[in-house]
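Given only the sequences and the hints, what does the whole structure look like? Please build it.
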Amino acid sequence: MSWLLNFDVDIFKANSEKQYPRRLLNRRLVGLCRTVSVVELVNDMIIQDKSCTQREIYYKLYNLFSEQCQTNRHILHVCRILGFPRASLNVYASEKGCIGGLLVLRKNNKRLNLNEVENGLMINDSLLKVDRVESQANYILVVEKYSLYQKLCEKEIWNILPCILITGKGMPDFSTRKIICELVELFQLECVYMGDYDPYGFRIYLSYKEGCKTNEDAIFACSDMRWVGMNSQDMELIPKEALLALSRRDKNVLRNMLNGDSLRCSAKVRWELTQMETLNRKFEIEAMESLGMDLFIREYLIRRVMRREWAS
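Residue numbers (full-length UniProt numbering): 1 to 312.
It is worth saying that the hints were derived from the structure and are not from the lab.
We treat Cβ as the ideally placed atom computed from N, Cα and C, and that holds for glycine.
Check each hint, because a few of them may be wrong.
Using 30 angstroms as the maximum straight-line C-alpha spacing, the simulated DSS-like pairs for lysine-lysine come out as follows [as the list claims (entries may be wrong)]:
#1 Lys110 <-> Lys50
#2 Lys240 <-> Lys268
#3 Lys50 <-> Lys96
#4 Lys50 <-> Lys60
What follows is a list of derived Cβ distance ranges for each label pair [what the hints assert, rightly or not]:
#5 Asn43 <-> Asn138: 39 to 49 angstroms
#6 Leu121 <-> Lys155: 15 to 25 angstroms
#7 Ser66 <-> Trp271: 26 to 36 angstroms
#8 Glu67 <-> Ser88: 21 to 31 angstroms
#9 Glu56 <-> Glu182: 17 to 27 angstroms
Spelled out as structure tokens, the structure:
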């Protein structure tokens, strides 16, 4: 369908007396061409029982889309027209999050143990579409940053704290939230989160708890996820030079969270955010490395989880 872009055709005047500006006509024609091209591509994939990511669609239709966000909008538009979620059309988000630890996947008489894979696997929508999923974990540990995830993988934290380790590399995508919810339901696991002591760390945490309310994946919200750190008490453990003042943008994000509805049932989290605002201080989780990674893991992270010292 991309050949349509090479024609200056007035398709809107054929059956109507209404006059349209040429720029509007061109824009609508381009939009129609993009939508039909996405439908055509998705239809071919379903017939062939194949799948692809949104990023792959962008590259396949490179002469139609100038930005990834345009591709994503038209894919979402097609989903709304057809009345199906994106995954049902064999279209998945680009892989972003990572998962490792005590999780075993079995398919076609093959066995994949994630704790034997260096740094685990990238998360996609179809990761758990296997014959059997097994786990000896008691917890799902979600960390904000990939850097911490890597270090915890190197230390094989699951041998000390029986867990499945996950990171969304910042703000989580659809696939990361989805797999957390599926694992919590499948194995009835406690889910805990560790992130920076700053407004964005808390906002990322709330995105896991609430899901994304702008589209179909709002249902993938882990409402029982617990905040295990960092918190205001940890300021005593880190070097003073690691404490930073809140920026104007930080304060705006903080105030929006405090004024929103998300914290009505989260008294401890609200208290932490109020403390942050009062003290006008924030710090990143890397500041805790001054304790030494082994000490941080054993005497801080694992102890907090085992003693259930968390906020909900």
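Task: Violated hints, by number in ascending order, as checked against the structure - done: Number 7 - this is the single hint that the structure violates.
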